[in-house]
Every structure is written in C-alpha cells, then in structure tokens.
Amino acid sequence: MIVVVILLALVLALFAGAFLSKRRFGVLGLGLTAGAIISPIWGDNAGFVVSSTGLVAEGPLVNAIALSALILVPAVLFMFHGYRYKHIFGRVIGSLLFTLLAAAFLVGPIGSALTLTGPAGNAYQWVVSNHELIISIGVTFTIVDFLLSKTVHKSEKKHR
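Here the working numbering is used: position 54 in the sequence shown is 100, and no number is missing along the way.
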C-alpha cells in the first residue's frame with residue numbers, strides 16, 4: 047500500500063508541477079526526452095552518488111531513484127524557463143500529457159525496484175505494455191507543440 051501511495055504522490059507532483067509552472071508540453075516533453083537519453087549514460091555514477099548519501103540502502107532501489115532523478119531533472123529545470131500556456135484548458139491537457147509521458151519514461155526504473163499488484167498493478171502493466179507507443183506518440187506531440195509555440199514579442203510583453 048505504501049508503494050501505491052508513493053507512486054500516486056509522484057504522479058500528482060508531476061501533474062501539479064507542470065500545471066502550476068504553466069509551461070508548454072513541448073518544452074517539458076523535450077526535457078523528459080533529454081533525461082531519458084542521459085540516464086543510461088550516467089546511471090551507474092548517479093547510483094553511486096545516491097548510495098553515498100546514506101539515505102537509501104544499496105540495492106535496486108538506489109538505481110531506480112538515480113535513474114528516475116536523471117530522467118526528471120531536465121524537465122524540472124524547464125519548469126522554470128520556456129514557453130507558457132495562456133489558457134487553463136491547454137495547461138490541463140499539457141499537464142496530463144506530460145504526466146503520461148513521464149510515467150512511460152519511468153516504467154523501466156520503477157519496474158526494476160518495485161512489484162505492484164491489484165488495481166495499481168493493472169494500471170502499471172498497461173503503461174508497461176504500451177510504453178513504447180506512449181513514448182513515440184508523446185515525443186511526436188512534444189515536437190509538434192514545440193514547433194507550434196509562438197514567442198512573445200516585446201510589444202506584447204509591455205501590454206500585460
């Protein structure tokens with residue numbers, strides 16, 4: 047039960063971060079993609095850094111935390127800079143898409159450390175079985191959203 051609460055808190059934190067930052071899905075999705083590319087490269091070293099803190103005992107959980115952090119850090123950094131949504135509908139849809147894409151990228155690290163059963167296990171298995179499709183569609187939407195984003199001109203900034 048504790049594992050389900052932790053995963054639910056992670057999903058809600060990802061959604062809330064994307065929603066409250068008002069950042070477009072394109073920017074955040076590209077951050078997730080960059081983190082997913084970096085994580086296998088730096089994964090072993092990051093595991094050593096996490097285990098050296100002493101907060102988590104050595105084992106599969108250390109690598110799961112390290113890989114998850116490496117995937118999420120670029121997207122979290124982009125929550126403070128980049129294009130923004132102007133309307134709440136776009137913020138909600140973008141936040142939902144970001145959360146789903148993040149879950150698809152985090153399937154590997156989480157699956158190596160945790161075993162889920164019940165309804166949470168069913169939802170997790172659905173993401174596992176469809177994560178390649180989710181990532182493919184998500185990265186495509188990310189690029190399209192990024193290309194459709196318009197920069198704010200200086201004259202528009204002054205009128206706010």
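If you're looking for bench data, these hints aren't it; they were derived computationally from the structure. Virtual Cβ for every residue (Gly too), placed ideally from N, Cα, C. Heads up, a few of these hints could be off.
Simulated DEER-style distance windows between Cβ atoms [unchecked claim]:
id	residue 1	residue 2	range
1	95	130	27 to 37 Å
2	161	193	37 to 47 Å
3	95	193	12 to 22 Å
4	136	164	32 to 42 Å
5	176	119	34 to 44 Å
Simulated pairs of lysine-lysine, PhoX-like, Cα-Cα distance not exceeding 25 Å [unchecked claim]:
id	residue 1	residue 2
6	132	68
7	68	196
8	196	132
Hints, one by one, checked against the model:
Hint check: residue 95 to residue 130, Cβ distance near 33 Å, so the stated range 27 to 37 Å holds. The supplied range of 37 to 47 Å is met by residue 161 and residue 193, whose beta-carbon atoms lie about 40 Å from each other. At about 36 Å, the beta-carbon gap between residue 95 and residue 193 misses the expected band of 12 to 22 Å. Look at residue 136 against residue 164: about 34 Å separates their beta carbons, and that is inside 32 to 42 Å.
Restraint check, residue 176 to residue 119: a C-beta distance of roughly 25 Å breaks the suggested window 34 to 44 Å. The hinted pair formed by residue 132 and residue 68 meets the criterion: a straight-line CA distance of about 8 Å does not exceed 25 Å. Between residue 68 and residue 196 the CA atoms are separated by roughly 15 Å; this keeps the pair inside 25 Å, and the hint holds. Annotation: proposed proximity of residue 196 to residue 132 holds, straight-line Cα distance about 11 Å (limit 25 Å).
Figure legend: structure checked against the earlier numbered hints; hints not met, in rising order: 3 and 5.
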